[in-house]
Amino acid sequence: MDKPVFELNRVSFGYQTGEPLFRDLSLKVRRGEKVALLGANGSGKSTLLKILCGLLFVKSGEFKAFGQSITEGVLENDEQAKAYHRRVGFVFQNPEVQLFTTRVWDEIAFGPLQLGLGMKEVETRVNDVLQMLGIDHLQDRSPYRLSGGEKKRVAVASVLALNPEVLILDEPASGLDPKTQRWLVGLLQELGRRGRTILLASHNLDLVHAIADRVLILSEDHQLVYDGPATEALEDRELLMAVNLVDEFYHSHGEGIHSHRYTHG
Amino acid sequence: MLPEWMADKPVTAEYRAPKPGINRSRYLSKTLHQMKRTVLDQLVTEEYAGRPGWWQGLDPRIKLVSTLLLIVLAGLTRHFEVILGLWAVTVVTMWLSRLPVLSLQRRIWGLVPLLTLLLAIPAMLNVVVPGDPLLNLYSVHHPVTWWGLKMPEEIYITRQGVKAALFLAGRVGISLSLGVLLITTTPVAMLLKSLQVLRVPSLFVMIIEMCCRYLFLLLNTSIEMFEARRLRTVGNLSLRRRRLLVGSSVGALFIKSVALADEVYLAMQARGYTGQAVSARAMYLKNGDLAWLAGVLVLVGAAITGEFLLG
Chain G
1 MDKPVFELNR VSFGYQTGEP LFRDLSLKVR RGEKVALLGA NGSGKSTLLK ILCGLLFVKS
61 GEFKAFGQSI TEGVLENDEQ AKAYHRRVGF VFQNPEVQLF TTRVWDEIAF GPLQLGLGMK
121 EVETRVNDVL QMLGIDHLQD RSPYRLSGGE KKRVAVASVL ALNPEVLILD EPASGLDPKT
181 QRWLVGLLQE LGRRGRTILL ASHNLDLVHA IADRVLILSE DHQLVYDGPA TEALEDRELL
241 MAVNLVDEFY HSHGEGIHSH RYTHG
Chain E
1 MLPEWMADKP VTAEYRAPKP GINRSRYLSK TLHQMKRTVL DQLVTEEYAG RPGWWQGLDP
61 RIKLVSTLLL IVLAGLTRHF EVILGLWAVT VVTMWLSRLP VLSLQRRIWG LVPLLTLLLA
121 IPAMLNVVVP GDPLLNLYSV HHPVTWWGLK MPEEIYITRQ GVKAALFLAG RVGISLSLGV
181 LLITTTPVAM LLKSLQVLRV PSLFVMIIEM CCRYLFLLLN TSIEMFEARR LRTVGNLSLR
241 RRRLLVGSSV GALFIKSVAL ADEVYLAMQA RGYTGQAVSA RAMYLKNGDL AWLAGVLVLV
301 GAAITGEFLL G
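In the order they appear, the protein sequences are chains G and E.
If you count the first sequence from 1, position 238 lands on 238 in the working numbering, and the numbers rise without skipping.
If you count the second sequence from 1, position 165 lands on 165 in the working numbering, and the numbers rise without skipping.
Hints are not guaranteed to be accurate.
No farther apart than 27 Å at their CA atoms in a straight line, the calculated lysine-lysine pairs in the DSSO-like style are these [what the hints assert, rightly or not]:
1) G:Lys50 - G:Lys28
2) E:Lys286 - G:Lys120
3) E:Lys256 - G:Lys50
4) G:Lys28 - G:Lys3
5) G:Lys64 - G:Lys50
6) G:Lys28 - G:Lys82
What the hints contain is simulated information worked out from the structure, not anything from laboratory work.
Build the full structure now, drawing on both the sequences and the hints.
Right under this line is the structure:
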């Protein structure tokens, strides 16, 4: 059996100011899994994703990625850090933080250039990703002239240009219109079929339903309260209510007959 | 549950139009107007840079080098004909680059060279630089002492002083024209990238680029903050309250920018940034670029040789 892509073994983490966020948290993510991280606001989803991406480091316990222990000391080595970030891509919730150059083309080329790829290879990758995501007409634009959906596409493109094995997305659908959300679902499903490991944090249960085959749920006191199949988690109204993700009126507008406990305004 | 005071239908307050001529939140409107104008100026500049004109098609490195060469020529020349020739070059280039020549000329020559001329007025007087009289301003037949200072018998504007001031204004105007030409026909990203030709370190270029990028983001945030504040400002604000308002806005913006900087750094790290900036050099010279550079070199060379030979 494959080694887990990520393995957290009784890890604790806390920001310098304030209470520890996680205590004795353990979980494994296997290659090719599509995992959704659910939890109410402030439950620690983004922090957990940043730990997995090697941007934050655990205080105690062990965090292993691709079978190797990941610590601040390990990623202080520039070559190790580059090798790690080449394999694990991270799409931030706010695309503004990810788009820091003044031209879309340069933005997408930033990652491949940092990894030391040759200019020809960088050009090929950037142009292919631009075409794949249908944003080649934006390549000379400045990020501040893009709409929210376009910014998200560029942010995703800037990570895909690294061709990571693992794709981590923090609230990927937030602020997107239904059409762009649909595009994102299609893209993530395709990447999943092509063997990429996908981890995403989201409040959008429809998105989770469409993409994830496994769900992790964090409670408001930062405990991992569920780790199992996505379909079971999404049908467990009591569980979702207990972690304050939904209220008693929650229902899905999927196919088939459904009843309301309130009337649509 | 809504509190009781909110549950009832809102009582519609009688609308009273403000007295004409009094704008209750004028300072907020003015600040907003200025901020929006800055954003608009940037968008217009980008629109010009995207037009299919002559200078837009040149390699940014060639444009940067030729601009610097022509600015040096404008600074070195002692002949007004050269200044006039350079002005003609800038006007023709603006026209060929599909820029609004008249409006740009008005903006370029209307303020800075005029201001330079005003600053140069003392240097036109014979008391500062002696010379041939051109316009007599003051003359007496015997010396006057005023507050212990001996006044000269006459004060006049000198021919040499006027010539020097006109030269100065001309040089400033030409340099400004060339600068405007460069920045309006080149996207910021390409302009910054062209700095590599001057051996400016990549890290420095990256920092400037990020400043440009986030300056506009923070400007937009400021606009939203001021708009939100303006919508809630219904009464007159005292000077003290206004100062507090500006102070708190600056503080809030600073906190936001620090949080943003932290996230941006993490986003860079996540894409392999380890402190050494690597940038793309995807710029290729075309025959037209080389022809223009050769033309500029010939022009500058001929003008400087002419200066030495003719004096």
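Going through the hints against the structure:
Only pairs whose Cα atoms come within 27 Å are accepted, and G:Lys50 paired with G:Lys28 is accepted, the gap being roughly 16 Å. Restraint check for E:Lys286 and G:Lys120: the C-alpha separation of about 19 Å stays at or below 27 Å, so the hint holds. A hinted pair counts as satisfied when its Cα atoms are at most 27 Å apart, and E:Lys256 with G:Lys50 qualifies at roughly 20 Å. At roughly 10 Å between alpha-carbon atoms, G:Lys28 and G:Lys3 fall within 27 Å of each other, so this suggested pair holds.
Between G:Lys64 and G:Lys50 the alpha-carbon distance is near 14 Å, which keeps this suggested pair within the 27 Å criterion. Simply put, G:Lys28 and G:Lys82 have alpha-carbon atoms about 23 Å apart, close enough for the 27 Å limit, and the pair holds.
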